[in-house]
Amino acid sequence: MNRPANNVLLIEDESKIRRFLRAGFELQGYAVSEAENANDGLKAATFSAPDLIILDLNLPDLHGSEVLERIRSWSNVPVIILSIISSEDEKVRLLQAGADDYVVKPFGMAELLARSEAALRRYFKSATENPVVVAGPLSVDLVTRTVSLNKQPIRLTRKEYRLLHILATHVGLVVTHDQLLKDIWSGNQRDNIQYLRILVRKLRQKIETDPNHPRLLVTESGVGYRLQARFEDIAAD
Amino acid sequence: MHSPLPIASKLAKPGIRNGKYQDVAVAPNTSVAPRSFLQTDIVPLLLSLGSVSLVTALLLLLEQTVAVSLVPIAYLLPVVLAATRWGIWPATLASIASMAEADFFFFPPIFSFQVEDPQEVVDLLLFLVVALVSSNLASRLRQETETLRQRERDIQNLYDFSRRLAACFTVSELISAIENYLALTLGQPAVFFAAKTDGQLEPPRCGPVPRVVNENVTSAIEASAPSVRSVIDSATRNVWLLRMVSSETAILGLVAVNIGTGSTDTLQIRTRRVDAILEEVSLTLQRIDIEKAMEDARLRLQGQLLRDAFHGTLSHELRTPLSAIRGSASVLDSIPVVQKDERIRSLVEAISDEVAELDGFIQSLLNATRVTAGGVTPHLEWTDPRDIANAAIKARARRLVAHKVETDFADELPLVHVDSGLIEESCGQLLENAAKYSPSGSTISVSVRRKQSDVVLSISDQGVGITTDERPHLGRRLFRSQRHQASIPGSGLGFWIASIFVGANGGSIDITSAGQGLGATASITLPGSAMTKPETTVASNE
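Chains as they are written, first to last, in my numbering: chain E, -2 to 234; chain C, 218 to 759.
Hints were generated in silico from the structure; no laboratory data involved. Owing to the predicted nature of the structure, the values given are computational and were not obtained by experimental measurement. Incorrect hints may have been included.
Mimicking DSSO-like on lysine-lysine, the simulated pairs with C-alpha atoms at most 30 Å apart in a straight line are [claimed, not checked]:
#, chain 1, residue 1, chain 2, residue 2
1, E, K199, C, K611
2, C, K668, E, K203
3, C, K557, E, K203
4, E, K13, C, K611
5, C, K509, C, K557
6, E, K179, E, K203
7, C, K557, E, K199
8, E, K199, C, K668
9, E, K122, E, K148
10, E, K179, C, K611
11, E, K179, E, K156
12, E, K156, C, K621
13, E, K199, E, K148
14, E, K203, E, K156
15, C, K621, C, K653
16, C, K653, E, K203
17, E, K13, C, K557
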C-alpha cells in the first residue's frame, strides 16, 4: 500500500527521549511532530490529525491516562503508551481505557516500531480489502473462518477459533485477559482465567511448532496475550 | 464531686468491676458532716459568752444615751459574730446569754430576771427567735463557705497535678508524678508497682512497704480480680488503698497509697481525693496512648513518603536517561552503515548491554525497597509455569547471550496459582546468578517439572558452585561470597529478593551444589494447584 507517510505525534516531556524517537521514526519513513506537555499534545492531536500518537504517562501538566481519556472521547487514533511504571495492573487499566499498546522504559526502538506498525495496521484495516491475517506461517481468513498453518488447513474448536479470531484482529497488539474472557465466554466466566490458560495451551498445540516455546501466541505476564505479526519481533529484542 | 465507684471502675481493668469491693464505705453526701455539741471546743463557747458580756458592759456605760428599745438590736451583734466565726452552738449559747443579760440589766425590775411589762416579755422572746434564726442562717453560710473553700483547694490541687501530668510524655514520667503528688498531698508515702510484660509486678522503686500490703498486691495480681481494695497495716493502724492503674490498652501497674489513720470521715475524704487524682491519671494515660499512636502513625507515614520518593526518584530520574541511552543505541543499531561495520556495531551492542545491566540493578533496588517496606502482596492468578520460565528467559536474554540456555518442560504441567510477575522476577534473578557465576559458553538448563502436587522450576549451571562455608549465608541480604567479591560484580540483593518473592507466593527456593566448581542448581518450588479435573475439561469441550 502506497500511502503517504504516516504522521506520528510524540507527546513526551523529556527532550532526550523525543530526540531518539524522532530519529527512529524518521528512519522508518514516518513524519514526526512533537509536543512537550499534555496541553500542546491535545492541541496537536486535534489540529494536525496524526495517524499515531506516542504518549508518555508522566507529563508535567496532566497525567497521561487523563490525556488518553480525552483523546478517546473523540478519536480512535492509535495510542501507544510509554511508561516507567511496569505494574501489570497499570498496564491493564491503560489498555482498558483505550490504549492500543504500551512499551515500558527503557525500550529498544525496534519494539516500539513493531507495536506502532501493528497499531496502524489495525487502524487502517477497515480500509484494506484483505480479510486474511497472516502471522508467520499462520494465516487466518476472518471471512471464511478458515485457519491454515504452512498452507495446510487446520481444524480448531469453536472456542479455539474465537480466541484466535480476537488475537488476529489485533495482530501484533496485546489483548487483555479480561477482554478475551469477555469475548469468548460472553461474560459468564470472566473470573476464571484458568479456562483461558487451558484454551491457550490447546491452541498452541495446534499452531505452534514447539508449544513449550511459543513464537506466535505469546504471553504478556499478568496482562494478556499477543499474536506476533512477525517472527523478527522476537529476535529484535 | 463524683462518688468513687465510677472512678474506680475507670481505673480498673475491664471485667473486674464485679470483683470483691472491700473499700471503706463512702457516703454520697460530700458536705462536711454536722458535728455534735459535745465535740464542740469549749473555747468558742467561752468566746461567745465573753462577747455577749462585752456588749453588756458597753451598754451599761452608755446607759444614759441609748434607748432601752435598742438594747436587743445591740445584742444581735455578738450572736451573728458567734454564728459566723464559731458555728451554730456558740451562736445559740450567745442568743440565750444575750436574752438573759438584757433581761437582767436593762428590763425593769433591773438586776432581776423577772419582767414586769408583758410587752417586754414579748420583745425578749421575739429577740430570742430572731437571734436563733439569724445565728442559724449565719452559721450555715459559714459552713457552706468552708465547704466551698475546701473544694477550691482540692480543685486547685488537682489543677496543679493535671498541669504536671500535661508535661508527662512517657509512662515512667507519669509514674513518678503520681508517686510524688500522692505523697505530697496526703503527706504519706505512695508506691507504684509497675506491671511487667508477663503480667507480674515489679517491686516498687522507692520506700518500704508493709508486708501485708505486699501480700495483698501479690494476691490482687494473682487473682487478677479486685483491683480496688483497702488494707489495714496492723502494726501502725494505717490504711493503704490499692488501685490498679491502666490505660485502655494496657495495665500499667498498681499503686499503693498510705492514707493514714483517722475517723471514717477522714478516710472517706482521702479516698475520694486519691480517686480523683487517679482519674486524672487515667485521662493522662489515654492521652499518652493517643500520642503514642499518633507518633507511630506519623513515623509510618514519613517512612512511606520517603519510600515513595525513593521509588519515584529511582524510577524516573535514573530510568529516563537510561531510556534515552538505550533508545538512542537501538536507533543507531538500525542504521545500515552501523550494521555493516562490525567494530561500530559491537560498541553499540556494548552500550545496550551495559544499560540492560544498570536497569537490572535498578530493578533490584526497587524490589529491595518493596521488600523492606513489607509491601509484597502477591496478586495471585492461574498461570502456566512454562509461560513464567519463558518470560524470565526472554527478559534476561541480553544477560544470557554468552550462555547456551536449554529448557526442558514436562508434559501435563498443572497451572500454578501465583503472582506471575513476582515469580518471573525471582526466576530472572536466579538466571542472572547462574550466568554470573558460570563461564561463558557453558550451558544453563531450565526445567519445569511436577513433583507430586507441586511444580518445581529449576535452573542449573556449570559454574563455580557453592562451598559448605557459603551455604548458610545464602538468602541473607547483601551477602556476597569472599571468593567472588573482586571478580564478579553484584549487589548481594538478587537471591534475597528472589527468596522473599517466592516466599510471598507460598513457595520456597532451594539451592544444591555438588561442591566448589561443580555447578549449582536453584529450584523454585511452587505449591500445586487445587484445580480439579472437571474444570480442566470445561475449556476443551468445544
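Evaluation of the provided hints:
1. Between E/K199 and C/K611, the direct Cα distance comes to roughly 22 Å. Compliance with the 30 Å bound is thereby established for this hinted pair.
2. Between C/K668 and E/K203 the alpha-carbon distance is near 27 Å, which keeps this suggested pair within the 30 Å criterion.
3. For the given pair, C/K557 sits about 39 Å from E/K203 by alpha-carbon distance, which is inconsistent with the 30 Å threshold.
4. Only pairs whose Cα atoms come within 30 Å are accepted, and E/K13 paired with C/K611 is accepted, the gap being roughly 27 Å.
5. For the given pair, C/K509 sits about 69 Å from C/K557 by alpha-carbon distance, which is inconsistent with the 30 Å threshold.
6. At most 30 Å may separate the alpha-carbon atoms for a hinted pair to count; E/K179 and E/K203 meet this at roughly 23 Å.
7. For the proposed pair C/K557 and E/K199, the alpha carbon gap of about 43 Å is over 30 Å, so the pair is violated.
8. Proximity of E/K199 to C/K668 is assessed by CA-CA distance (about 23 Å); at most 30 Å being required, the pair is judged to hold.
9. Of the pairs offered as hints, the one joining E/K122 and E/K148 holds, with about 23 Å between alpha carbons and a cut-off of 30 Å not exceeded.
10. Taken as a hint, the E/K179 and C/K611 pair is honoured in the structure, with Cα atoms around 29 Å apart against an allowance of 30 Å.
11. Restraint check for E/K179 and E/K156: the C-alpha separation of about 12 Å stays at or below 30 Å, so the hint holds.
12. Under the criterion of a C-alpha separation no larger than 30 Å, the hint pairing E/K156 with C/K621 is inconsistent with the structure, at around 38 Å.
13. At roughly 20 Å between alpha-carbon atoms, E/K199 and E/K148 fall within 30 Å of each other, so this suggested pair holds.
14. Annotation: proposed proximity of E/K203 to E/K156 holds, straight-line Cα distance about 13 Å (limit 30 Å).
15. Simply put, C/K621 and C/K653 have alpha-carbon atoms about 13 Å apart, close enough for the 30 Å limit, and the pair holds.
16. For the hint linking C/K653 to E/K203, the alpha-carbon distance of about 37 Å lies beyond 30 Å, and the restraint is violated.
17. For the hint pairing E/K13 with C/K557, the CA-to-CA distance comes to about 26 Å; that is within 30 Å, so the pair holds.
Figure legend: structure checked against the earlier numbered hints; hints not met, in rising order: 3, 5, 7, 12, 16.
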